[in-house]
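The chain contents come next:
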Amino acid sequence: MEKKEHIISILVHNKPDVLARIAGILGGKGYNIESLCVNATTQYEISKIVMTTLGSQETVTRIENQLQRLVDVITVDDLTNVESIHRELILVRLNLTADKKEQIKKAVDTNKWKVIVSADAYIILEITGDQSQIDFALAHLAPLGIADITRTGIIALNLEN
Amino acid sequence: MKLKGTQILFKALEEEKVDIIFGYPGGAVLDIYDQLYKSDMKHILVRHEQGAVHAADGYARATGKVGVCLVTSGPGATNTVTGIATANMDSIPLVVFTGQVPTGLIGNDAFQECDITGITRPCTKHNFLVRSIDDLAPTIKEAFNIARSGRPGPVLVDLPKNVMVAETEYNPANIKIRNYEVAYKPAPKKMANVFEMLNSAKRPLIMTGGGVILGKASALLTQLARKYQIPVTGTLMGLGSFPGTDPLWLGMLGMHGTYYANMAISHCDLLLAVGVRFDDRVTGTIETFAANAKIVHIDIDPSSINKNVVVDLPIIGDTKATLSDLIKFLAEHNYAQNPAQRQEWLGQIAEWKEKVPLTYCQNGKEIKPQNVIETLYKLTKGDAIITTEVGQNQMWTAQFFPFDHPNTFISSGGLGTMGFGLPAAIGVKCAFPDKQVVDIAGDGSIQMNIQELATAAQYKINVKIVLLNNGYLGMVRQWQELFYEKRYSHTDMTYAPDFVKLAEAYGVVGLRATKPEEVETVLRQGLSLDRPVLMDFRVSREECVYPMVHPGDSISNMSLGSREMIN
Ligand SMILES: Cc1ncc(C[n+]2csc(CCOP(=O)(O)OP(=O)(O)O)c2C)c(N)n1
Ligand SMILES: [Mg+2]
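First to last, the sequence lines map onto chains A and B. With my numbering, the residue at position 143 of the first sequence is 143, and numbering never jumps. With my numbering, the residue at position 239 of the second sequence is 239, and numbering never jumps.
Hints are supplied without guarantee of correctness; some may be wrong.
[Said to hold, decoys possible] Capping the alpha-carbon separation at 30 Å, the derived lysine-lysine pairs in DSSO-like fashion look like this:
1. 17(B) - 216(B)
2. 216(B) - 15(A)
3. 15(A) - 65(B)
4. 42(B) - 4(A)
It should be emphasised that the hints constitute simulated quantities derived from the structure, not laboratory data. Being a predicted model, the structure only gives us computed values, none of them experimental.
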């Protein structure tokens with residue numbers, strides 16, 4: 001069956017080991033977590049986990065069922081099949097070396113990248129977007145020499161309930 | 001009123017109607033054992049923590065109640081892991097209390113510290129580390145609720161030493177916990193679907209599993225099958241969920257299933273699978289399993305549905321509620337089978353039964369293990385609760401002892417844990433002191449928890465052990481015979497203790513039979529004694545379990561062995 005990326009949104013009770021349980025269920029049964037984001041919701045006792053995994057619809061249904069068995073899991077939703085928006089965020093440090101400095105400044109201007117730290121020797125950019133936008137940005141950042149980078153996992157929200 | 005953690009523990013156990021604990025003390029649980037000393041709670045001191053868990057498990061399987069264990073931290077806790085995994089695979093409700101080092105020392109590699117919640121996370125339904133005294137009572141209540149609700153399972157509660165001596169208010173009426181009970185009523189539309197499927201089926205078959213026993217749905221399943229004359233086969237865990245002496249019963253299916261059960265699976269055109277999870281030992285190759293049938297799968301756990309076998313009609317629901325709805329729907333809509341068609345199907349099954357019955361070959365010189373089991377059945381008239389170890393002994397029991405009632409066949413199905421039978425029998429006997437409780441054992445398995453003979457002797461827990469002693473790790477040897485050209489690599493167990501003397505050393509009666517004519521006498525004597533008894537039957541050494549579906553084969557393709565059919 002056709003494998004594709006699935007974005008799964010999970011509401012859980014915010015217990016110390018809930019993430020270990022979820023990772024354990026997936027890892028122990030041989031499913032890979034491609035990306036992961038966790039944080040408390042407006043209620044401190046409830047957290048939202050958004051993760052992506054690669055698999056056929058059948059595999060993902062199986063993962064959802066396994067997750068649903070966990071006592072601390074409240075709901076599991078596959079956002080892939082509903083209308084939803086997706087965002088990732090990257091932080092990038094570019095070193096302002098003599099040979100690249102001008103090129104970097106130009107690229108930042110044309111792409112309207114957000115500079116959040118600007119020092120003599122380097123700048124740090126914050127870029128958000130959906131996956132294709134981030135991939136596009138990365139392709140343009142690469143020739144400028146990325147000194148360091150952090151990329152969040154995908155977060156997602158469905159348009160309607 | 002303020003109470004100490006240890007006092008709250010026993011009060012909470014009383015609230016849960018716990019009447020027995022299987023346990024083993026140590027440093028981290030000294031305070032709990034001190035409180036136990038002052039309380040009325042019955043406690044059975046086992047000889048190994050694995051034995052405590054299997055005993056609680058046996059108690060739970062026989063009663064349908066939650067089994068309870070208490071052990072110390074570190075090695076006491078790790079010794080429970082096999083028992084917990086065993087219960088988890090078979091969905092048995094347990095609450096296992098482990099001692100833990102004081103919260104301030106957790107993470108410091110303190111003496112006898114181990115991360116038992118981490119270790120048991122994948123093999124419990126859920127587990128807890130109680131970090132503060134105020135969490136203690138609600139956690140215990142939650143633990144019992146989780147263990148017994150939905151698809152049951154083992155829950156571990158880790159109790160740090162300092163939490164258990166701290167004090168807090170205890171007021172059971174005020175404890176609020178989350179509710180895990182999911183709505184397990186299936187949609188009415190599904191009943192109409194089953195009705196239609198039954199209406200167009202010529203060869204329906206019911207497959208019953210452990211979920212029918214756990215869901216207390218045996219009576220309903222039996223009613224359904226008898227009313228509409230639908231033949232029934234079962235998994236190992238389903239034995240007893242439909243009467244084994246009923247003409248509609250086909251025996252167990254799968255790797256060591258009967259010829260006629262496996263043929264029926266392969267030829268049926270509608271399979272009603274209830275409370276099963278289609279284990280690979282049951283299905284053989286998936287592609288050919290029930291290949292001619294539409295499959296209806298009733299199970300409480302959505303994760304069991306379409307896991308191994310893709311089914312035509314999944315019904316997620318409690319087995320009891322679902323069968324009750326189904327029976328009602330069929331009656332209200334006047335479902336009736338076509339008598340001629342049903343007669344033809346039952347006739348076909350009768351033909352298969354006659355062609356290849358379950359049988360074995362007696363030569364008059366050696367004791368046949370199957371004969372020991374048949375004689376045990378004859379003498380007890382089936383009125384016994386049977387536990388088994390794992391291996392050939394387990395399969396022969398499943399084949400040759402018909403179970404008429406649920407909760408009377410007690411065996412480690414999913415994990416296949418050698419050493420389960422004796423401690424489990426002890427747990428069962430504690431629940432039913434007036435019942436004949438027999439562990440049908442192998443010589444390899446019995447040595448894995450043989451120390452529990454001391455427990456049986458000390459408390460006069462009069463379990464009977466029927467040891468099918470073939471001097472081999474018989475089931476492994478059978479595979480070596482069939483698939484490894486008889487290279488018996490490390491399966492010969494002839495170096496073994498004299499089991500009769502060993503039993504006596506423990507204060508248990510030891511009996512032995514070496515000839516076929518001694519079988520009945522020894523069984524009669526052993527069963528009649530008001531003592532724990534170990535009966536050592538020296539059985540035919542290289543007997544194999546047949547029928548056998550070779551691993552990876554389709555279940556209609558059975559090897560029947562070279563035996564002659566006696567009829
Ligand atoms: C704890 C454990 N270790 C190993 C096995 C693998 N195993 C399955 S059956 C078997 C042989 C059991 O021998 P015995 O108890 O003598 O029973 P028999 O098959 O001879 O009746 C073994 C080693 C197991 N199931 N459990
Ligand atoms: Mg043996």
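Each hint tested on the structure:
1. 17(B) - 216(B): holds (20 Å)
2. 216(B) - 15(A): Between residue 216(B) and residue 15(A) the Cα gap is close to 33 Å, so the pair fails against 30 Å, i.e. violated.
3. 15(A) - 65(B): The given pair, whose Cα atoms are some 28 Å apart, holds under the 30 Å limit.
4. 42(B) - 4(A): This hinted pair is violated, its Cα atoms lying about 56 Å apart.
Hints 2 and 4 from the list above are not met by this structure, while the remaining hints are.
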